[in-house]
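J.: Spelled out from the first residue to the last, the chains are:
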Amino acid sequence: MKLAEEFKKNAGDIKIIDKNEEKEMYSHDIGDVPAIMTKTFFEIQPDFIVQPKNAEEIKKILAFANDKKIPVIPRGAASWGFGGVIPTKAGIVIDLSPFRKILYLNKPQKTITVEAGARWSDIDIMAKKEGLCLMTYPSSKFSTVAGWIATGGYGINSFRYGHLSNQIVSMTVITPSGESKKITPTDPSFAYFVSTEGVFGIISEVNLKLRDVPQASYPHLFYFESDKAAFAFIEEFIKARATQQLNPNVIRFLDENHLNDVNAIMHSKIFKKKAGVLAELSSSEDDRRFLEFMDKASGIEEAPRYVASYLWNERLFGMKTKRLGPTILASETIIPITAAASFIEKAKRLGANFGVEIFVDSYIIDEKMTLIMTNFLCDSRKLKYYINLPLAMMLTQTSVSMGAEPYGLGIWNAPFINHLYSSDKQNALKAYKAAVDPNNIMNPGKFFSVKSKWLNIPALVFRPGIFGFFMRIMIALSPVIGKIAILLLGKHKKLDSLDFELTTHACAKCGNCIAVCPAYLVTKNEEMTAKGKIALAKKLIEGKKVTKEEAENVFMCMHCKGCEEICQTNLELMTLWDALEKRIEGKFGRPEDKIGEFLKRVDESKDYWEMVERNN
Amino acid sequence: MPKKYHIHPKVTPLNLDYVFKFNIERGENCINCGKCTRVCIYEAHKRRKDDPRKMADPNTVVCRNCFRCIQECPRGALEKSLDKDFLNIGGSYWKSDMFITLWKQAEDGKVPVTGAGYRGPFTGSGFDGMWTDMSEIVRPTRDGIHGREYINTSVELGRKLNHLAFDEKGKLLSKVHDTVDIPIPIIFDLPPADLSPNVKAALIKAAVELNTCIVLPADDITSERKKYIKNIIPLIAHKEVDKHQGLIKNARIVALDYTDELLSNFPAVKDKIKKASNAITIIRIPATKSVETIVSGLAQNGAEIIHIVADYRGMEVNGSSDSERRPIKDIIRTVHLKLIDERIRDEVTVIASGGIAMAEHVPKAMICGADLTAVDLPLLIALGARLYEEPEKLLIIPEGLEKIPLRTLTQRIINLMGAWHSQLLEVMGAMGIREARRLRGESGRAIFFEEIDNDTFGKLFKKRETANI
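Residue numbers (our numbering), protein chains in the order written: chain A, 1 to 616; chain B, 1 to 469.
Chain A with its partners taken away, still in its complex shape:
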């Protein structure tokens, strides 16, 4: 609190958030790590949050942090689950999510300049009006541009267009010392700002390449008897690709469990119980060549087109499976295609030991590697969850031991740093860090190594050596530990439908809703978004203290159904809001005046009307 007061003195009109209820929204990300755990290890509640409107304000914040030697945590949509935006030692969260304007579209050069917090979805909509569109985009398309640059960077269309960094024309970064510089991919320092999770500075503006809107979309789904057969086909396909001019945008692998879950969500049997490979092409010419190739590789069963189209259109709703959970835990790594099938086999065996079913989703990213997600359903409310959590780690451990690299580090993957960077590379990164951030204010306590409370003793677990050792033991003992766990705590049963409480748990906290929420656009208050309201509902259910002021936020809603429309988990949010509003109304009454003021504010907002028209 003191820090916030001090900052306010010279802050000008920088928007500062320092209310406890609101701060809570900024102390976690999409990951379902129990607060008890994070709180034990770290000071996850930031001192305060700022929502800067321009680079100058960001510099001001950095100067203050350098002066006080307190951490600065840049944050986008918080839709990445490895703890990259969770404060480890309080500090200032720079919320770049409202810093989201699309600045300039250069039609002849096919580029677009955007602010750090611009949403991929908004850029795509905007560009499409000019006949252009995104090259690659993350499966959580409602996340921020800078957020994806700072984290993974592999997503839809990566097979065709490569890593996101290939599409950056230039970007403006602000170093911890407050120096703003525009860098291009040819600059030696460029690499330090890609997938480095905000430890070297803050990305403030990005110029991206766009492409022409393709002719059409031609998705195809092929069935395979086993995961192995599917990957064997993928290898063969990639070999033939160059000589036969095969140009799919996407090659995606989904195992039978995954397809089966989609069936379960839809309460129907659309997909066969087989492994699937989904390919998407964007011109009739490409499609023709592709189908010719597939004809020659005889004996491969193709699913009906509508089935492939459905799966393709659902690519942005990856969290739907949470409806069966309500929790998903996932391990995400980049593994050689040649090792993928055997990794899956091991992963499934490991999962079976713990009584969970592993389902797999994998995007082929280039000729050698594939981004692979091994996921399983569980329930964060149950005791068994504490056994499930390390299972996700064990999956990553298994994967890296087969030649994979972790897909980002954050807090939870920090022990795997040696699998991502060689020691030379690590030394180079560390040297650069010491040069640009001598006070170590940028997102500290993760990435390189985890720093925790209690004299850093708990963090010892996260030391790569110790962590790896424990993991290997756990994996080795999994048949025993797992059996005991199953015996004591039972297997996970898939859900059939969601009630009020389960709905709140099925929320993936992916932040899609924040991108489309008019209330957020105008107030920049996450508590008014679907994500915030679900957090409040959870608090109510758990019987935690809820103040009148924070409860009243649920009424600040235009009922535009935007959140429901883009909800990754396809939750029945409108019904939920009605129920939630009723509960709050019973407890605190209905703040008619506040609602009136809110409506007036929205109606007068230029940004709001722009948003309404944009989706026109």
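Worth flagging that the hints you see were computed from the coordinates, not collected in a lab.
Every value quoted in this text rests on a predicted model; they were computed, and no experiment measured them.
Quick reminder that beta carbons are idealized off the backbone N, C-alpha and C, glycines included.
There could be a bad hint or two in this list.
Which stretches of chain A does chain B cover? Using the computed rule of at least three CB atoms under 8 Å from a CB of chain B, they are [as the list claims (entries may be wrong)]: (1) 559 to 570; (2) 590 to 601.
Taking lysine-lysine pairs in the DSBU-like style, the calculated list, with each CA pair at most 30 Å apart, reads [as the list claims (entries may be wrong)]: (3) B/Lys54 - A/Lys538; (4) A/Lys548 - B/Lys54; (5) A/Lys587 - B/Lys54; (6) B/Lys54 - A/Lys561; (7) A/Lys101 - B/Lys54; (8) A/Lys600 - B/Lys80; (9) A/Lys606 - B/Lys80.
Take the given structure of chain A and dock chain B to it, following the hints.
T.: For chain B alone, coordinates are given in the frame of chain A:
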């Protein structure tokens, strides 16, 4: 200059369901953005009172079909269609739109616009085949209809002399007949329907306030209504003149139902009336096939005012097949021209009624040769009555009308007449005519579609347009 005649409308909504033209439906995909509330100038779209975050169901009654909400909705969530009730009401003469127009006029006395551009047809049967002169259209737009130009809408009922005779000393020899002046060329005619007392009272009251008259069957003139006798025209059978001496005594005008007997014995009946008072007499005659001959006969015989009554769709009565029946406009023209031929046109006042449905029908009937008009069904439509032509004429008086306060009903009729009066002023202004009396028979101030069509294209394609009407 006499004081200008003004009708003072007051907004008087009637709390009864009435037909409305459009059904706007708000789809599930509405995002409650409120764009429609911003673009609609008629306030058809509002936020819900109980929860202003959500949009209320559209109030279609006020919709004037401008389509802005449909066009501007960012989600295309609004859908618009013609209301089923609207499509069913009326028929070939009483167009559905007329009901909406009359209802609106009765509500606020204003002239409603129908919006969105009229795409035709530009001609039709009956009055729709007439286009009035607009050569002076700048006048109403420049001056405003209540502006600096004084347009007199009053008309005189009664016999006028062809010429005056004087003796050698210059003393007037001719006896000038009594006349009655009314400020608008419209009297009320009670439609044949079972009406509640408050409706009848409202019609009388409105006639009084507007300073016009209402034709009322003698039996309907109860003692308490007698105080309004100056504005009531008792309708009596000529054989019962003696019986109603009391009524006639105080009336300014009386009306007699026509029978063939009257053709010969009208002077005798008139004498009887004269014994009681100086009331002038209307002979009410159905618009039959040979009505012009009868009118001429009556006029020769001293009739003062003749009221020609067409059917409710403004068509000849007792005619054979539909195609041979004449519309009121043609009947009046024939009567008018026949009286002129016989040089007795000014000796008789002609009232036209039946099918007078819209304000424009008043000047059109007058251009055809009527001195004034009598209006019936629109008075009830102003009070919420619905009329169906098919399968047979059916007039439905709204339920609960009998409980509506007299003042509300009266004011709505006044409003309706206010709107009609404004339109009459506008049309006259546009024609450059400042006296309603001058309008009578001014067929040069109108174009009759059939005539001009025949003149222009008759030789080439006969029946082309008329067949399609």
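J.: A separate judgement is required for each hint: does it hold in the structure or not?
T.: Hint check results:
no.: 1; hint: 559 to 570; in the structure: holds (count 4)
no.: 2; hint: 590 to 601; in the structure: holds (count 3)
no.: 3; hint: B/Lys54 - A/Lys538; in the structure: holds, 25 Å
no.: 4; hint: A/Lys548 - B/Lys54; in the structure: holds, 23 Å
no.: 5; hint: A/Lys587 - B/Lys54; in the structure: holds, 22 Å
no.: 6; hint: B/Lys54 - A/Lys561; in the structure: holds, 11 Å
no.: 7; hint: A/Lys101 - B/Lys54; in the structure: holds, 28 Å
no.: 8; hint: A/Lys600 - B/Lys80; in the structure: holds, 28 Å
no.: 9; hint: A/Lys606 - B/Lys80; in the structure: holds, 29 Å
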